[in-house]
Structure formats: structure tokens, C-alpha cells
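**Q** Starting from the known structure of chain A, arrange chain B on it as the hints suggest.
Here the protein sequences line up with chains A and B, keeping their order. So the first sequence is numbered by the working numbering: it starts at 1 and just counts up by one. So the second sequence is numbered by the working numbering: it starts at 352 and just counts up by one.
If you are wondering where the hints come from, they were derived from the structure by calculation, not from laboratory data. Take these hints with a grain of salt, some might be off.
Residues on chain A that point at chain B, a partial pick, calculated with CB under 8 Å [what the hints assert, rightly or not]:
#  : residue
1  : D5
2  : R7
3  : R9
4  : A10
5  : A12
6  : S14
7  : A15
8  : G23
9  : L25
10 : P26
11 : Y345
Pair ranges (Cβ atoms, derived) [unchecked claim]:
#  : chain 1 : residue 1 : chain 2 : residue 2 : range
12 : A       : Q206      : B       : G506      : 21 to 31 Å
13 : B       : R532      : A       : R104      : 41 to 51 Å
14 : B       : R427      : A       : D6        : 31 to 41 Å
15 : B       : N428      : A       : A296      : 36 to 46 Å
16 : A       : T251      : B       : P488      : 19 to 29 Å
17 : B       : N428      : A       : R104      : 52 to 62 Å
18 : A       : R333      : B       : N428      : 44 to 54 Å
19 : B       : P488      : A       : M202      : 24 to 34 Å
20 : B       : S443      : A       : R349      : 36 to 46 Å
21 : A       : T217      : B       : R532      : 29 to 39 Å
22 : B       : D425      : A       : M202      : 52 to 62 Å
23 : B       : A431      : A       : D24       : 23 to 33 Å
This structure is a prediction, so every number in the text was calculated from the model and none was measured. Note that the Cβ used here is the ideal one computed from N, Cα and C, for glycine as well.
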Amino acid sequence: MNSPDDRLRAAARSALDLFPPDGDLPPLQPPGSARHRRRRTGPAGSTRSGGTNRWRRWAAPVAAAAAVMAVIAALVVPHEIGSGASGSKPTTPPSAPPGLSQRRALDALVALSVAPATGAQYDRGGKLIWMLHAQELRVTARCVAAAGYHISEKTAPFSLAMYADNTEMPDLPRIARTHEFVPVGGAGGPINYAPGEEQAYMNCVQSTSAIYSPLLTADRTLLFNWMRTVTRVQTSREVRAALPALQACATRYGFPHNPYGSTAGPIETFGDFVAWVADNLDGAGSRGASQRVLNALERHWSSVFVTCATPIVGIWQRTLLKAQPNFLRLHARPLLQLDNLAWKYLVQRRH
Amino acid sequence: MDHAGLQDAGAAAGRASATEPLTTGAEQVSLLYRAHGMELVRIAAVMLGSRAAAEDAVHDAFCGLVRKWDRLADPRNGLAYVRSAVVNQCRSELRRRGRLERRADRTHRPLDPDSPEQAAILGEEHRDVVAALLRLPHRQREALVLRYFLDLADGEIAAAMGVSAGTVKSTTSRALAALGRQLRNSHEQPR
Chain A
1 MNSPDDRLRA
11 AARSALDLFP
21 PDGDLPPLQP
31 PGSARHRRRR
41 TGPAGSTRSG
51 GTNRWRRWAA
61 PVAAAAAVMA
71 VIAALVVPHE
81 IGSGASGSKP
91 TTPPSAPPGL
101 SQRRALDALV
111 ALSVAPATGA
121 QYDRGGKLIW
131 MLHAQELRVT
141 ARCVAAAGYH
151 ISEKTAPFSL
161 AMYADNTEMP
171 DLPRIARTHE
181 FVPVGGAGGP
191 INYAPGEEQA
201 YMNCVQSTSA
211 IYSPLLTADR
221 TLLFNWMRTV
231 TRVQTSREVR
241 AALPALQACA
251 TRYGFPHNPY
261 GSTAGPIETF
271 GDFVAWVADN
281 LDGAGSRGAS
291 QRVLNALERH
301 WSSVFVTCAT
311 PIVGIWQRTL
321 LKAQPNFLRL
331 HARPLLQLDN
341 LAWKYLVQRR
351 H
Chain B
352 MDHAGLQDAG
362 AAAGRASATE
372 PLTTGAEQVS
382 LLYRAHGMEL
392 VRIAAVMLGS
402 RAAAEDAVHD
412 AFCGLVRKWD
422 RLADPRNGLA
432 YVRSAVVNQC
442 RSELRRRGRL
452 ERRADRTHRP
462 LDPDSPEQAA
472 ILGEEHRDVV
482 AALLRLPHRQ
492 REALVLRYFL
502 DLADGEIAAA
512 MGVSAGTVKS
522 TTSRALAALG
532 RQLRNSHEQP
542 R
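In isolation and in its complexed conformation, chain A is listed as follows:
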């Protein structure tokens, strides 16, 4: 029973046992009932609280970038207070103490990491996760060394495209500048390890993960909450009204032609458009096109992507920029906790 076909059939039989047709289902809560949105499941299957309409109550528009900076600056205040001797009265130090500028930079990074309103912010916020990965790798490498093995603790330098998300948070200025639709992978090929080394490595990964999981969980929880807002904005009437123009633009560049031969339907979401552009690139890649051809294609399709996406992305980014300050204010406490964890694990313990 080695063919994929056989193995899939066996797995399907097993699934039938686990999920029998007459198995227990949670009751259907129809729309409109108070318990309709009984729970939402997070990325790890965790249960999260139901959604709210707080985003509808966002305050009047403000100059977005300035407002974000104000919120970020407000976040810094507790650190300044905390640096006082007794903590009885908040005092503002006459000049920035050593490390404060570093702290401010980290504060900004934390805010962008959990609540990016634009693709550029999303890309920049990814640096926090890169710092976490780099720190984890260092700790893991030391642990592996203690077990008598060696792995490199060198991390690839941070690049803005490292965590790019073209579907939800496309960084159009970067794509226009670099003509890079998807980041070039640099992971290298798989490596074989001896069983002992493998075991030592996995043990170390597990222990390192335990150290940093509170930071990662805090980041993901806030980002997840923010992304619910992003999803709402991106499915709003205003954004949906821009889809015909997106389709018209795509049609000028050949939509729905697809080198895979799939029949592309109408563009009903921005993701459909991204998938069509990606298919054009993937199709060439899977057919063994040369690197030169792929580069030319990427240049072409990145331009198409930026040209067609700019209006609709502009709409949702404007809304998100208005929403961002309130989100940061509403989540000031968990944000500060995340900020403190990041400071503790990524800056203080690094040295």
C-alpha cells in the first residue's frame, strides 16, 4: 500500500471512522441569533472571543501616520516612568537615557508587527519576527553545541520581502521598486542529519520554543485580532465596489487567460486577482522556463500587479490607516506586555 492513491484511500477510511455521518455536531446557530458567532477559531485551533463591532465606532479620521506615532510615543511613556527611582511620581527625564532610542525603535516595530495598515508597514513589522527567529537560532545553536553537535547560528539578513503577503498586505511601492512579486527563496536544499544529531536538534528546538512562545503567542494574538479588522475592511462594500475596475484592468492584461489552462472565473476577491497573477508566474516556472525568462515575466507581472492593484489597495489602506490608532489604543495593555516581552527577550537577553 505504497502509492499515494492507496494511502489517501486509507486515510479517507480512517477519517470516515473518526467523523461518522451520524456523529455529534454542534447545534446550528442561524444568523441573527445571539449565539450565532459563538466562537472563532484561531490559527492553532484555540478558541477566541467573539467579534465585536468596535471598529464601527472608530473616531473621526486623523492624520494617520502622525496618530500612529502619537500612540507609539504614548507607549513609550510607561517605560520612561518606570525608569524613575521610586515610581511614585512620573517624571520625564531631561534627556533620553541610554537605550531609550533603541526602546522607541522597538516600540514602533512592535506596533507595526501587530497592526500594520499598509503593505510597507507589514513588511517593516516583519523585522520583529525576524529578530525572534535570529535569537531562537542563536539559543538553539548553543544548545546543540552543548550536546556535541554543530549548527550554524547565522541568520539570513532581514529583507523587507521576507514575510511578504501579496494577498492581504501587498507592499506595492516595494514591488514597483524591485519588480519582485515573490521573494527569491534562499533556504537551500534539505540536509541529512545523523539520528543522534537529529534528536539533539529537536530537543533543543523544543526547549528554545518554550522560552520564546509567550512572545510569539502575544504577537500572534494581537495580529490575529487586527487581521479580523483587515478582513472586514477588505470585504467592505467600498472595497467590493472597486472589484469591477480591478477586473477591467486585469482584462487589459489578458485576464482570464491562464497558462495552467484553468478557467479563471470573475474576480470576486482581491485574492482571485493575486492567484491569477501568481498562476501566470507559477505556470512558467513549473514548465521549466529559464531564469532569464522568469525574470522577464516577473518584471512584467509585477508591473501588472502594481498597476491594477493600486486603486483597490489604496481604498483599504486608507481605511486601515484610520482604524489603526484606535486599535492600538484599545489594545494598549497587551501591546505593552508584548513590548516588554520583546525588550526582555530580543534586546536584553541578546547581550
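**A** Just chain B, lined up with the frame of chain A:
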């Protein structure tokens, strides 16, 4: 459940709407939910690797059907609609999760495919195949899950995925080849 069984149950829900005094869409959807909810949870669980997420996806898909029931030209299309809605719910969830996982990605560690929850979905003996499934591109995964775990015909898979039957054939063929490679690699490369 085999394909014929599914069709029968779907048709039963449709017939019920034509012959029994079911007055509201909610009631008819409720019938459909009881008849087909679990099989859709099954495929969503395989696609998402989490029973709780699967139940959410299926629940939301059926709630969407309640809202759209009056606009369905033929109530017998309810099952096809909700199947497609479940696939779309899974896509959305995977996109959302993809975003988060990219942020949480670790260079050296596989995440979801080997999670305890994923293993619990189908048990240890099928962990490899499910992990390999989860590494496939979304559309390839959908095609295989709908074919093998729901036993659908090409036309029905096409309707659920929103593509042509020809695309289903080519996608399934590529997906099986990719799955075979993934499975071979998982045996040859420990990580």
C-alpha cells in the same frame, strides 16, 4: 459515505423542501446540516488540520446558506452551494493562517503538519500522508480532499472549487504526483 449516498441524501433534503411543509430556509438548511454537516466537517478537518476550525468553517458555511436560501433557484442546489462555501471558508482560514504562520515561521521546524492536533485528526499511521497533503498548494489539496475524503466526481469537485472539470483532472493529476514526491521526500529527508 460513497458518492451515491451523498447524492441521495442531498436529493432527500431537496425533496423534503418540495413535499413537506418546511416553512423556513433555516429549517431546510437545518435538515441539510444534520444530513451532511459531519462529512463536511471531515473534509474541512483534513484541509485545516483542526476539528474546531473545521466545525467553525462548516457552521459559517451553513449560516451563509440560510441567508442565501431564498435566492437559490433550486433548493436541490443547497448541498452543492454549501460544499463550495466550505471550500471557500477553508481557503479563507488557510490564507489567514498562512499570514500568521509566515510571521511565526521557523526556518528549521515544521509547524502544522506535525502538530499534536493534526496527528489526532487521523492518527499516527496517516500522519505522513496528511502532512504531505498540507504541504500541497491549496487547490491541489482541495482537489484531493474532495475526491478521496468526500468521494466526489469531477463535476462536483469542479463545482465546489469553482473551476472546470478539465482543470480538476489536471489539478488532481499534478496533486497526486506532488503528493508522491512529498511522501518520498519525507522518508528520505528527516527535515
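**Q** Which hint numbers does the structure go against, in order from smallest to largest?
**A** 11 and 12
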